[in-house]
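**Q** Residues per chain are reported as follows:
There are 4 protein chains.
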Amino acid sequence: MDNMTMQMMEMHSKDMAITGMDMGMMQECIEACAAGEQAATMCADSMMDDSMMMCRSMCANAADVMNTMMRMMMRPAGMQGETMMGMLSATMMMATACADECMRHAEMSEECRMCAEVCRQCAMSCQKMMDSMSMA
Amino acid sequence: MDNMTMQMMEMHSKDMAITGMDMGMMQECIEACAAGEQAATMCADSMMDDSMMMCRSMCANAADVMNTMMRMMMRPAGMQGETMMGMLSATMMMATACADECMRHAEMSEECRMCAEVCRQCAMSCQKMMDSMSMA
Amino acid sequence: MDNMTMQMMEMHSKDMAITGMDMGMMQECIEACAAGEQAATMCADSMMDDSMMMCRSMCANAADVMNTMMRMMMRPAGMQGETMMGMLSATMMMATACADECMRHAEMSEECRMCAEVCRQCAMSCQKMMDSMSMA
Amino acid sequence: MDNMTMQMMEMHSKDMAITGMDMGMMQECIEACAAGEQAATMCADSMMDDSMMMCRSMCANAADVMNTMMRMMMRPAGMQGETMMGMLSATMMMATACADECMRHAEMSEECRMCAEVCRQCAMSCQKMMDSMSMA
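Chains as they are written, first to last, in this note's numbering: chain V, 28 to 163; chain C, 28 to 163; chain Y, 28 to 163; chain G, 28 to 163.
With the rest of the complex left out, here is chain V (with noise of 0.2 Å):
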């Protein structure tokens, strides 16, 4: 995220709907969640055959699950906490998932190993921020 971005972030997080939030975890989930868009949209484009079709039907979902999920984090003015902690499971559980079938190709594909990485990464942070909100 560059640093307009997280300017702004900063800005509008007056209006947030709940308190409790830590928004340096929040801002490296947001930045997560794109890399994982942008990894999971461009490796879904790079598979070649029928071996693979699961795991790009894998990656076109958790690039959507991702890019919701960033976005639900860019609008503090509706958030709450049980619609965050629902999708932040249900990202945490997409990028998982598409990290594991990834990783099944990482020997084949570059792009594979490189998107389950980046995937694991948008997981971990998903957990991490799902933490921090039950503690609050």
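Among the hints, erroneous ones may be present.
[Claimed, not checked] Under 7 Å between C-beta atoms, here's a sample of chain G residues computed to sit facing chain Y:
1. Met75
2. Met80
3. Asp91
4. Met99
5. Arg102
6. Gly105
7. Glu109
8. Gly113
Calculated from the structure, these hints are not laboratory results. Glycine residues also receive a C-beta, built at the ideal position from the N, C-alpha and C atoms.
Once you have looked at the hints, place chains C, Y and G on chain V.
**A** For chains C, Y and G alone, kept in the frame of chain V given last:
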């Protein structure tokens, strides 16, 4: 969902990576998500003043979540029990929260009343799919 | 588009920032874009081998473009002649290119044949809207 | 765009269906679209009153258009000159219109001022790509 989409869905379901999905129920849920995305997109665009800031933000979130859910159901090749359940649950929560918030403005805004109804329908449809999947 | 969405669209059109839009034509175009997004999403998911790599990638693009076009028509508050024309033209090109590519596989894949038909419909609907807007 | 995404993009560009694309320029444009989607999503969420209704609606449109443009650049397998030009042109118009509208509120809202700047950057980046493509 028009007729041709339904035919494509039936045809494509042969590639489905999991078994035990009720196709009729899934088509209904696809339709409910599509209608929900449209209603929430329009509703978010129609909010006028301060008091509706949270409602608008939640409608924007709901539209993105329901679109992502719809797309996941249209990609049978990578369909997985766990990720489907996670996303159905997130959609159900988001649609319910959006419907609840919209209902608070139902007397001021006919658009909110209608959006609430469409979101409620979508939440029920997701719940029905989750129930049938956990039985399978 | 189901009935309620149509009613909301009529209601919300009072906020429309430009004049001279044919509401019936726009509802038809919204429906065509929604059907196109669904068909192209499924079609992209069903491609199996190497020879369909380009087709799958174009279907994924077409699905995103048609969804964005649909959403723009559902946001009357910010509707503008120039940006509408630009996006209608981009959607028309994308849907036509996708239909052309899908038709090349129509004999191998019934899904491609159907997707081509739905995309062609969408392209025509965008063209009709552009014609009526340039007359207004 | 983080480093890994850039590496994936370079790797995946071997599948590119057209020639003559300037990869450095494209990476810059991908980054500009990603930053634009984020800024416009936050800006749309922060608008408070009536007088900003049009601005908010245009920001929501701009976010969707810029996301779709970004994804098209990340799918080299189906990349085509005509559809790329059409969508670059639509994005350029949408980002410019959004920046113009945001600038009208720049004194009231720092978020609008920043969003305008990011959108202007995106429009310029699309224009540069169009120029280089029409030279090729």
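**Q** All the hints need checking, so say for each whether the structure fits it.
**A** Right, here's what the structure says about each hint:
Given hint, Met75 of chain G at the interface with chain Y, is violated; its Cβ is 15 Å from that chain's nearest Cβ, farther than 7 Å. Interface restraint check: Met80 of chain G against chain Y, minimum CB-CB distance 5 Å, threshold 7 Å, status holds. For Asp91 of chain G, the shortest C-beta to C-beta distance to chain Y is roughly 4 Å, which falls under 7 Å, so the interface hint holds. Interface restraint check for Met99 of chain G: the shortest CB-CB distance to chain Y comes to about 5 Å, inside 7 Å, so the restraint holds.
With 7 Å as the threshold, the beta carbon of Arg102 of chain G comes within range of chain Y, its nearest partner Cβ sitting at about 5 Å, so the hint holds. With its C-beta approaching chain Y no nearer than about 3 Å, Gly105 of chain G sits inside the 7 Å limit, and its interface hint holds. Proximity of Glu109 of chain G to chain Y holds as hinted, the smallest CB-CB distance being about 6 Å (cut-off 7 Å). Annotation: Gly113 of chain G was flagged as interfacial toward chain Y, and the flag holds, the nearest CB pair being 4 Å apart, inside 7 Å.
Hint compliance for this structure: hint 1 alone is broken.
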